[in-house]
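Enquirer: As numbered in the numbering used here, the sequence shown has no gaps in its residue numbers, which increase by one up to the final residue, 612.
Worth flagging that the hints you see were computed from the coordinates, not collected in a lab. Quick reminder that beta carbons are idealized off the backbone N, C-alpha and C, glycines included. A few of these clues could be false.
[Said to hold, decoys possible] Calculated pairs, DSS-like style, for lysine-lysine (alpha carbon to alpha carbon, straight line, at most 27 Å):
1) 502 / 443
2) 489 / 443
3) 492 / 294
4) 312 / 272
5) 443 / 324
6) 324 / 489
7) 312 / 465
8) 294 / 443
[What the hints assert, rightly or not] Derived DEER-like restraints, expressed as beta-carbon distance ranges:
9) 313 / 540: 36 to 44 Å
10) 346 / 419: 18 to 26 Å
11) 596 / 486: 15 to 23 Å
12) 379 / 492: 36 to 44 Å
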Amino acid sequence: MNPQAKQIFTISQLLGTTITISSNHGIKAWAGLEINTLATIPLISKSHHPRSIEAATKYFITQAAASALVLFSSMTNAWYTGQWDITQLTHPTSCLILTSALAMKLGLAPFHFWFPEVLQGSQLTTGLLLSTVMKLPPISLLFMTSHSLNPTLLTCMAILSTALGGWMGLNQTQIRKILAFSSISHLGWMTIIISYNPKLTLLNFYLYMLMTTAVFLTLNTIKASKLPTLTTAWTKAPALNAMLLLTLLSLTGLPPLTGFLPKWLIIQELTKQGMTMAAVSISLLSLLGLFFYLRLAYCSTITLPPHTTNHIKQWHTNKPTHSSIALLTTMSTALLPISPLITTII
């Protein structure tokens, strides 16, 4: 892709994200989401492969429908109450429509159908954008309207997302699809707590962005997109693969790694709110995700292929690891000791 065109699309994404995050008016929020969508489509389809074109088409149709529902929700609220302010949604129909629209934008179950297919048709760098930065505008809208939305509906969608994200990721061999179902599962954790403690949702999202960015950049460095490729990638950058193991375990939420912090705080908050059954359910369902994370971690550090056929090993590279990857992987594994400071800040 032309560097100037790529720069324009990147600036447009930043502009759309900023407009949506900083707006209270329904039409301004919708305009920011549309700018984001239109800037992302060329980045998905830049490889001109049929799968990429298909992914871009699915992304456009889903995001356009979700944006239209956001606008329709604001219009419905303005029709009944005369109020365009997103933070003052009071009509039940508007709240229900907005919940569906934001779930579709985020890829939250039962509107998750588009996300794995789009991520599979995109390159790793574009997949990183879709999994992290592109979720920031809908998460910010969810944060602003969390007091108006139905907590029971959000809890049901969250538990369903965690179940589907873990269950459907079990038999995948494509790493991008595994990371897509991982994202759906993590969204369940963010959604279940947003009605009770929205700041915890933001903390979970920021730490998820941190860990996912580290994983995507590492996979992009070792050029691994399938499990068989990952199995023989240890020869290329052994130290980086060892850190990938720890980062994946952190995404799982195992102590004493960074990923344990948001899950611990969310379970604690749910228990305080008297939602012990929801806390137990989402904790048990996250064990499904533990299986495919462990499989990825096993494949990233295995030293011999698990069968007798010959494998072509990748050349060992002496190129130093980029400092951003080193910083991200360190933060993805070592932030738990400063959790008292983080909890004080939020």
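Enquirer: It remains to establish, for every hint, whether it holds in the given structure.
Expert: We went through each hint and held it up to the structure:
Taking the CA atoms of residue 502 and residue 443, the gap is about 23 Å. The hint holds against a cut of 27 Å. A distance of roughly 16 Å separates the Cα atoms of residue 489 and residue 443; the hinted pair therefore holds under the 27 Å criterion. For a cut-off of 27 Å, the pair hint linking residue 492 to residue 294 is broken: about 40 Å separates their Cα positions. The hinted pair formed by residue 312 and residue 272 meets the criterion: a straight-line CA distance of about 10 Å does not exceed 27 Å.
Distance restraint check for residue 443 and residue 324: the Cα-Cα separation of roughly 15 Å lies within the 27 Å cut-off, and the hinted pair is therefore satisfied. Annotation: proposed proximity of residue 324 to residue 489 holds, straight-line Cα distance about 25 Å (limit 27 Å). Of the supplied pair hints, the one linking residue 312 and residue 465 is violated, its CA atoms being roughly 36 Å apart against a limit of 27 Å. Proposed proximity of residue 294 and residue 443 is contradicted: the alpha carbons are some 33 Å apart, above 27 Å.
Between residue 313 and residue 540 the Cβ separation comes to about 50 Å, which falls outside the hinted range of 36 to 44 Å. Between residue 346 and residue 419 the Cβ separation comes to about 20 Å, which falls inside the hinted range of 18 to 26 Å. Checked against the hint of 15 to 23 Å, the pair residue 596 and residue 486 passes, with Cβ atoms roughly 18 Å apart. A hinted range of 36 to 44 Å is violated for the C-beta pair residue 379 and residue 492, which are about 22 Å apart.
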